[in-house]
Amino acid sequence: MCVNAIPGCGTRRRPLLRVGRIGSRTHWKLLLLYPWGEMSWTAWGVPVMVIGVLALAIAALLAYLSWSSLKLVSIPLKGRHVVITGGSSGIGLEVAKLAAAEGARISLVARDLSKLADAKSIVTEYCRQNLQGEEKINTYSADVKSFESTRLAIAAAVGHSGPIEVLLLSHGVSRVLTFDDSTIEDFDHILDTNLKGNIHTIKAALPHIKSSKAVPAAISIFSSQAGLVGVYGYAAYSASKFALRGLAECLQQELVDRNIRLSLVYPPDTMTPGYMEDQKTMPEITRILSQATTPMDPVSVARSALTGLKAGHFHIDCNFEGAALSLVCAGMSPQPSFLRALTEILSMGILRVVALFVQKSWYDTILQAKQKECQPKKTQ
Numbered sequence: 001m002c003v004n005a006i007p008g009c010g011t012r013r014r015p016l017l018r019v020g021r022i023g024s025r026t027h028w029k030l031l032l033l034y035p036w037g038e039m040s041w042t043a044w045g046v047p048v049m050v051i052g053v054l055a056l057a058i059a060a061l062l063a064y065l066s067w068s069s070l071k072l073v074s075i076p077l078k079g080r081h082v083v084i085t086g087g088s089s090g091i092g093l094e095v096a097k098l099a100a101a102e103g104a105r106i107s108l109v110a111r112d113l114s115k116l117a118d119a120k121s122i123v124t125e126y127c128r129q130n131l132q133g134e135e136k137i138n139t140y141s142a143d144v145k146s147f148e149s150t151r152l153a154i155a156a157a158v159g160h161s162g163p164i165e166v167l168l169l170s171h172g173v174s175r176v177l178t179f180d181d182s183t184i185e186d187f188d189h190i191l192d193t194n195l196k197g198n199i200h201t202i203k204a205a206l207p208h209i210k211s212s213k214a215v216p217a218a219i220s221i222f223s224s225q226a227g228l229v230g231v232y233g234y235a236a237y238s239a240s241k242f243a244l245r246g247l248a249e250c251l252q253q254e255l256v257d258r259n260i261r262l263s264l265v266y267p268p269d270t271m272t273p274g275y276m277e278d279q280k281t282m283p284e285i286t287r288i289l290s291q292a293t294t295p296m297d298p299v300s301v302a303r304s305a306l307t308g309l310k311a312g313h314f315h316i317d318c319n320f321e322g323a324a325l326s327l328v329c330a331g332m333s334p335q336p337s338f339l340r341a342l343t344e345i346l347s348m349g350i351l352r353v354v355a356l357f358v359q360k361s362w363y364d365t366i367l368q369a370k371q372k373e374c375q376p377k378k379t380q
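With this note's numbering, letter number 232 in the sequence shown gets 232, and the count goes up by one each step, no holes.
Calculated from the structure, these hints are not laboratory results.
Worth double-checking, as some hints may not be accurate.
Straight-line alpha carbon distances no greater than 30 Å define the calculated DSS-like cross-link-like pairs of lysine-lysine that follow [to be verified]: (1) 310 - 136; (2) 71 - 280; (3) 203 - 115; (4) 310 - 280.
Let the sequences and hints guide you as you build the complete structure.
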């Protein structure tokens with residue numbers, strides 16, 4: 001039996017759809033007709049299935065975003081009270097310059113009073129050179145490892161500049177040492193600063209963020225690419241940065257009803273005073289592995305951080321490697337961006353393959369270096 005026979009094919013017409021029987025079962029066979037004849041389902045089945053899967057993925061994403069409570073939002077900085085920890089140097093200082101140039105009221109929090117005074121002068125001069133009018137910059141000394149010290153600094157900032165509308169946590173320390181070479185004091189210092197320092201600051205600032213009438217408010221936590229993948233020599237540092245993702249994901253769920261947006265920034269190696277200090281203790285294997293990437297300048301990292309924050313992104317990467325890492329490590333994290341969610345779905349498989357090759361290269365490098373260390377040195 002032939003259905004929908006195609007005219008113009010000579011005396012013998014080829015059916016587009018043919019019904020046949022195999023044993024006791026009826027089956028349908030689709031024949032795609034081209035000038036060179038029939039193309040089998042095997043030749044076209046895979047592309048058709050891929051297109052179908054993509055269509056379903058897009059439809060599912062559109063349906064999800066149509067009712068999702070977490071969407072991209074615009075978070076302006078002009079006229080808002082922006083508190084920046086670690087703002088006396090490095091990335092935090094560059095963030096302060098850019099935010100002040102956009103008209104934000106800046107509160108810088110760091111330990112060293114003299115560095116804070118220098119930072120205020122630098123930000124003031126930057127605004128003057130960029131013709132941004134009168135800047136509003138205040139500084140407060142605090143050690144984020146101490147909750148009481150942090151609470152007092154935050155209270156002083158709020159008393160002077162009003163409720164906090166944007167909180168940027170750019171402070172952090174690192175010591176590039178293997179686990180064996182790291183002391184318990186090293187772990188305590190890094191975890192107390194990078195993890196508990198964020199907890200202390202958010203705990204002190206959150207009531208004042210909730211009291212702000214400006215919405216959406218924002219909390220931006222500076223993690224690291226080492227907070228997405230473990231790297232030789234960063235045992236303590238990676239542990240502290242990995243923990244920040246869990247903190248941010250939980251906080252975003254708890255604060256979504258208050259229209260407070262969380263974000264995680266993943267800077268790569270960055271030419272900051274801390275990075276230069278790390279070079280003094282960096283294990284040789286870590287040095288070899290890090291040669292594959294070029295350190296970024298803090299200005300570029302700060303610009304990426306503010307761009308992502310203002311757009312309402314949860315994951316904020318600063319370069320190509322960071323983008324690939326955040327995509328392949330997306331997992332169960334929230335994703336307010338449709339395009340980013342679609343990219344995660346489509347790229348995760350191939351990026352996982354790439355990641356396996358990268359890991360193999362790292363382990364090969366580590367084993368070769370270890371074998372070289374074990375070889376007896378030649379005597380002169």
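Results for each hint:
1. 310 - 136: This hinted pair holds, its Cα atoms lying about 20 Å apart.
2. 71 - 280: Not satisfied, since the Cα-Cα distance of roughly 44 Å exceeds 30 Å.
3. 203 - 115: 25 Å, holds
4. 310 - 280: With Cα atoms ~36 Å apart, residue 310 and residue 280 exceed 30 Å; violated.
Consistency note: the structure conflicts with the earlier hints numbered 2 and 4.
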